[in-house]
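J.: Chain by chain, the residues run as shown.
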Amino acid sequence: MAHVPLSPIGRPRDAFLDEASFGRYREAMAERTGTLEQRRDEIAAGWGDKYVQRVHQKGKRTARERIEALRDEGTPLREVGTFVNHGVSFGKLKSPAAGVVTAFCQVAGRWTMVIANDNTVASGSWWPQTPEKIERAQEMALRLRIPVVYLVDCSGLFLPEQSRSFPGRTGAGHIFKKNSELSAHGVPQIAGVFGDCIAGGGYMPIISDRVVMTEQAYMVIAGAALIKGAKSQHLSSLDIGGPEVHVHQSGCADARVPDDDAALALIRREVEKLSTPAVDFYRHDADGADPFFPAFELDGLFPPDHRMTYEVEEVLARLVDRSLFWEVLPDRGKEMVVGVGRVNGLYMGFVANRQGLIEDPDGRDGKKPSGILYREGIAKVSAFSRACNDDGIPIVWLQDISGFDIGVDAERQGLLGYGSSLIYTNSTNDVPMFTVLLRKASGAGYYAMAGLPYEPVVQLSTPMTRQSVMEGRTLAIAAFNTKLDDDFEIVTEDPDERAEIEKGMAETEARIEGDMDPYKAASQMDTDEIVEPSELRAWLETLAEAAYQSSGSRRIKNPRIWSLHDLAALTEVRG
Amino acid sequence: MFRKLLIANRGEVAVRIAKAAHDAGIATVGVVSSADLGAPWTEVMDETVCIGGPSPKESYLRMDAVVQAAVQTGCAALHPGWGFLAENARFAALCEQNGVTFVGPRPATMDRMGLKWPAKVAMRAAGLDLTPGSDGLLNDVEEAVAVAESTGYPVILKADAGGGGRGMRICRSEADVREAFPSARAEAIAAFGNGALFLESYVTGGRHIEVQVIGDGVGGAVHLYERECSIQRNHQKLIEESPSPALTAEQREELGARAANAAASIAYAGAGTIEFLADPDSGRLSFMEMNTRLQVEHPVTELVTGVDIVREQLRIAAGGALGFTQDGVALEGHAIECRINAEDPSDGFRPTPGTITTFDVPHDRGPGRVRVDSHVTAGETVPPYYDSLIAKIITHAASRDEAIETMVRTLEGARIEGVATTIPLHLAVLASDEFRSGEYDTKSIPGWPT
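Those protein sequence lines, which keep their order, are chains A and B.
So the first sequence is numbered by numbering that gives the first Met the number 0: it starts at 0 and just counts up by one.
So the second sequence is numbered by numbering that gives the first Met the number 0: it starts at 0 and just counts up by one.
Bear in mind the hints are in silico, worked out from the structure with no lab data behind them.
For clarity, every value in this text was computed on a predicted model and none was experimentally measured.
Idealized CB from N, CA, C, for every residue including glycine.
Some hints here could point you the wrong way.
Just some of the chain A residues that point at chain B, by a computed CB distance under 8 angstroms [what the hints assert, rightly or not]:
1. H2
2. S6
3. F291
4. P293
Model the full structure from these sequences, guided by the hints.
T.: Given below as structure tokens:
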């Protein structure tokens with residue numbers, strides 16, 4: 000069967016969730032998404048109006064205004080790393096978005112990665128984690144082979160914190176290594192230089208294939224402040240490294256333009272010259288279409304209490320085109336759902352955790368809990384992941400997992416080994432993988448399902464994501480193991496000692512709960528972005544298009560020759 | 000051309016499609032519910048597959064079962080007929096995904112024409128007039144009020160998304176608009192997650208005139224002139240005719256050309272119908288909607304143009320070009336169709352399922368010729384689960400008067416017994432002065448007291 004036999008998935012919302020519960024879930028989610036939107040707005044404001052005005056007074060645009068001018072009208076902007084450094088202070092200063100905007104941005108019909116120094120935050124200087132954020136964005140572009148546009152306006156390192164951003168393996172200099180890798184892999188890079196670009200800021204544009212400078216821009220290894228005699232000779236940095244020097248004498252830039260708008264128009268024209276996106280070709284004559292069951296309902300499908308279950312098929316139904324899905328290996332490892340659907344016409348593989356009880360002849364009352372991985376499920380996911388990699392089908396991992404099955408049987412069955420096989424598969428895959436932490440992302444489950452340590456191209460969290468090695472309660476039990484009996488009850492009868500242990504366990508649990516805040520994870524770059532559940536479908540559209548944009552850059556087999564068909568044929572139920 | 004076709008429908012339309020398939024040398028597979036299993040009309044199929052229980056939900060609407068039947072019987076294509084899954088883009092996509100060619104336009108075209116505002120935007124861009132109203136979606140209630148003032152009351156607020164009347168409000172004053180706007184928006188957000196609204200003049204009455212178009216899917220399209228469908232009861236068409244008595248020859252050519260151009264502009268594939276509403280006062284023709292399927296009343300067009308529309312649908316679905324050009328389409332004479340339903344018009348049109356003891360419609364009564372499209376034979380039981388249509392009688396003659404005359408004589412000579420039918424209603428309408436004069440609209444049924 001060379002057809003991709005998608006079939007209807009999902010039901011109308013009122014067929015599985017009553018109006019009252021849906022309303023309640025949605026309300027609880029609205030509270031969380033309200034916070035998310037408010038924080039996004041705060042971050043987008045940078046250091047505020049005063050600094051915006053300062054930029055305008057110089058006749059320049061802010062970083063976000065530049066992106067707006069660059070972006071195709073009516074297309075979405077998908078920011079990544081919005082919350083890097085969120086909640087962190089450097090002395091009295093904050094660095095919203097770590098002083099740089101990184102986003103998937105459509106320019107001239109092509110998805111690009113735009114990296115724009117935020118000139119409303121300390122003149123676009125680099126804070127601790129700013130280099131890492133830039134490198135992460137470069138990495139995404141490298142993996143997807145989509146063009147990178149640098150909108151450079153950077154006065155160099157934020158010097159008081161230089162020890163945290165200069166010397167390390169991912170210190171500022173690593174950005175230029177990434178520039179080089181992008182170039183080595185044939186990924187087009189285009190840089191606009193808009194202002195003070197000192198030291199690192201000066202290096203950042205140079206490796207790009209096209210460099211355009213405005214009349215206000217200069218690039219220098221060191222600015223006038225460090226040049227002996229500069230003052231007496233009335234030399235400014237613009238004199239030392241402005242367009243007069245770099246466009247005409249040094250050749251370090253290609254073009255000079257009067258102002259920001261002219262630079263942005265020129266960059267758009269350069270992107271237009273790149274090869275035509277292959278996205279429509281890879282739709283194989285289908286058209287993209289919305290999910291039949293609307294994506295907005297995703298905000299009301301998840302119970303606010305993370306211990307309560309939902310039907311993951313209903314989530315999938317609201318992510319794939321026309322709610323059509325091909326579930327592969329449906330009869331094995333039922334704690335997992337694996338299969339293929341289209342996202343805006345493009346084939347994507349999905350791996351998701353079932354929730355609640357699943358059938359198991361050996362389990363209690365013929366059932367066992369899902370949301371964790373058993374032997375068959377691990378094997379199924381691994382085989383599916385390998386097949387998608389072989390076929391060039393990008394994989395979307397939808398995590399809501401507590402971990403691996405544990406216990407005597409699990410070890411006898413060799414779950415360590417099966418798990419390692421899956422880890423090996425995901426570690427060596429080169430197909431783009433995108434990971435979504437829907438809710439729980441715990442323990443080895445987080446690793447096995449392509450969590451961030453396995454370098455998915457992008458990892459998204461939601462406002463309800465709980466990332467940790469284990470839930471707080473479990474971790475407290477592990478930490479106080481010596482004080483507990485077989486049923487994890489406190490052994491001692493001494494009231495004082497008991498109280499102390501109870502307090503200790505409660506504190507441990509509370510600390511872990513705090514650590515599971517998705518904003519904390521996003522702040523320290525343990526996840527790339529936080530999105531609302533109802534935004535997931537639109538995000539996947541962007542990621543799918545970006546993954547299929549550049550023909551010839553990776554293996555993309557047509558569906559006739561998918562090895563996935565072999566897998567399905569060999570596991571079809573006979574008769 | 001395809002070798003084997005699945006007909007995803009029942010009754011009269013299934014028989015009609017089977018006929019076109021046989022004429023083209025295509026084998027047919029019918030899907031039937033358990034209620035239709037063994038019905039005499041199913042004998043026209045080369046094979047039948049029973050796909051479930053009597054209610055449409057258990058059978059004719061089960062998209063996965065229908066596609067599975069097509070795949071398992073080796074059908075290359077599927078004709079959806081009308082009703083059931085005919086305008087379900089998800090179903091069309093499912094067919095294509097499983098290698099079964101859906102006889103109809105692309106799913107994306109069905110999507111676009113199935114949504115209110117996108118359809119209007121596309122058709123306006125193609126040069127069709129819209130009902131006066133907002134120029135796009137409304138930003139706020141003030142804009143709604145301003146538009147309503149300039150359009151004149153009554154107006155109707157409509158939600159861009161979804162259907163089923165949700166988010167829809169008729170407003171007769173500014174106060175109505177102010178009251179309705181927030182509640183319509185809230186209702187649309189709750190139901191569809193999208194509170195976008197637009198506003199149009201609310202027209203009552205007027206004439207329903209529709210143009211049959213056929214597109215080749217790559218930007219070519221022709222029209223087969225119009226049908227007049229203003230004799231309606233609760234939006235159900237009862238009598239259709241072609242050409243419309245309301246248009247002059249010049250208006251007819253212009254309307255047809257504009258409709259064909261609109262179909263071409265969206266690279267329409269297959270047969271479709273663009274519906275217009277003629278304003279009761281000005282006669283201005285505004286785009287209402289496009290039906291992306293074969294219409295029940297297509298025979299009147301076939302008789303006046305000589306084109307087999309189902310045959311053309313199959314030809315285009317199989318990747319073929321249009322079988323003729325616009326210049327090759329000539330309008331000859333006049334055709335009228337009466338829909339014969341198993342309903343009792345003297346008892347509030349109550350459906351009258353039961354066994355048909357006699358079914359005899361004469362073909363030789365007129366100056367004109369008679370076509371009967373039906374799946375019914377004497378001795379057959381009309382099941383209660385489906386549409387009550389049992390036959391369509393179509394007459395064709397050199398003039399409108401002769402077509403009417405032929406119809407009257409045919410209906411008077413028809414003997415359908417065992418169930419009540421709508422024939423008395425048709426005879427009353429055909430005898431009325433309004434119908435005879437051609438001066439009628441959708442507001443009332445001429446010759447039939449409400």
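J.: Determine for every hint whether it applies to the structure shown.
T.: Hint by hint, here is what the structure shows:
1. H2: 5 angstroms, holds
2. S6: Hint holds; S6/A Cβ to chain B Cβ min 5 angstroms, cut 8 angstroms.
3. F291: Holds - the Cβ of F291/A comes within 8 angstroms of chain B, reaching about 5 angstroms at its closest.
4. P293: 5 angstroms, holds
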